[in-house]
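> The primary structure of each chain is shown beneath.
Number of protein chains: 2
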Amino acid sequence: MTTKIGIIGLGLMGGSLSLALKKSSSQYRFIGLDHNSKHCTEALSIGLVDEIVQTLDAIKACDIIFLTIPVDGIIAVANQIGTLDEACTVIDLGSTKEKISESIPENLRKNFVTAHPMTGTEKFGPTAAIDNLYEGKVVVLCDMEKSGRHQQQVAEKLFSDIGMKLVYMTAKAHDRHAAFISHMPHALSYALANAVMKQEDPESIVALAGGGFKDMSRIAKSSPNMWEDIFRQNKTNLIEAIEAFETELGQCRKMVENEEWTTLHTWMQEANTLHDIL
Amino acid sequence: MTTKIGIIGLGLMGGSLSLALKKSSSQYRFIGLDHNSKHCTEALSIGLVDEIVQTLDAIKACDIIFLTIPVDGIIAVANQIGTLDEACTVIDLGSTKEKISESIPENLRKNFVTAHPMTGTEKFGPTAAIDNLYEGKVVVLCDMEKSGRHQQQVAEKLFSDIGMKLVYMTAKAHDRHAAFISHMPHALSYALANAVMKQEDPESIVALAGGGFKDMSRIAKSSPNMWEDIFRQNKTNLIEAIEAFETELGQCRKMVENEEWTTLHTWMQEANTLHDIL
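Heads up: the protein sequence lines correspond to chains U and V, in order.
Under my numbering, the first residue of the first sequence carries the number 1, and numbering increases by one thereafter.
Under my numbering, the first residue of the second sequence carries the number 1001, and numbering increases by one thereafter.
It is possible that part of the hints are untrue.
Said to hold, decoys possible - Derived DSBU-like pairs (lysine-lysine); straight-line CA-CA distance at most 35 Å:
(1) U:Lys214 <-> V:Lys1060
(2) U:Lys123 <-> V:Lys1254
(3) U:Lys254 <-> V:Lys1137
Honestly, the hints are just simulated from the structure, not real lab data.
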């Protein structure tokens, strides 16, 4: 029997999800919805979806609906979609979770699973989709006790089928952790890119770029549409994480200014220990 | 006719250089010197060098001598090696160039070529050596007018033979550029690692690490021995680069605090433009 999977948001995340699910089973039919008509045409033509629909009502008949759009859009959809069949599972893949978890209408709360796959690339749009984006990566499942038992099982099976490692935590803990592991590092990468671009001769500087700089500036390519939204949703945690970073970098600068080389050496050794747990 | 190549410093850079040169020609004999006797044994046993010597005097008979040791060591060797045959070429691969260029005794200045290959990995020691570390990467040749014509030609040929792109600039310009493209990013990576490690539950945070965090924290594995030295040698430029970064990150934090989302969006778009030139 065919399971109908709706994907709202036909970008990197939604497109890659379709490719991964297709690899895991031939029993799915994919129905797409996106306000960007070019993305709809592309997603159809490269086979990410079997069908495009134009309205939320038209996608409500799906057994499973993925929301792979920015966080603000997820909250809007949750509040506009109306009632759902009690067997319907809606899984959002937003990058922040607490505001989403709080914003889901009470009568739909059991339908929803709020998840965050810790993966992505700096590219976007349906043509950026790749079939192994999720494989071997962590997906954080948040506030799972608020989801229906059926919905929990559906989500756990789908994420396991595409090779993900399941991690459970509260939406609140997720947002704080994600600020440190993902959102603040994006702020650093954007700031690094801008610091270099504002120098007198950025071309000559960038001509020397080795692997370290390329790695550290890669996520500065990320979509401002998506990241403005994440920074807004996770404002408080993000500021805390940036301040923790600023404290460390300020200490480093002062040790260099004051020529405290032994202390600096120890500080670098402490940083090395990250890789004992990574 | 066999060319004798001396390598002082049998780590990642020196070992990889030997592997790359061996691929480019069978006419070389490699003679190694390192104060770490374990590294000498390893380098011999995995074939990075054909012979180990114990003194600077013993390596002076080489046609070409590479200095692949930290910057302080390069300056020490330049001042301890004494006189050299006028056909001898000494090429140092130190990560900062101005202090080295200034420290070479006047009577040896034509013998020396001061170069900086913009490559590396976070690993170290002879067993970290790989034969394609230099391939396709940039090497910055500094203050080349101070090197002898013969030495210029030797260095240009060797670096071209192993597939490097040659870029010329003054040692002063190099150090400023390197502060932005390499040294400050290392400070960021160390600071990021320490900011995460000092949180209450670093293991839970790191369990969520995706590609972005792994990329940005990779160079925080780098050797404190090497990087303490680089930070010391390039102190002034490094502080300037850190301050330029701090200004950008501070602006980002304030835009988030003040909820200036449109300005933040523009700032992110500006960062995106780095990749038009990278």
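> Give me the numbers of the hints this structure contradicts, sorted from smallest to largest.
Of the numbered hints given earlier, the structure breaks just one, which is hint 1.
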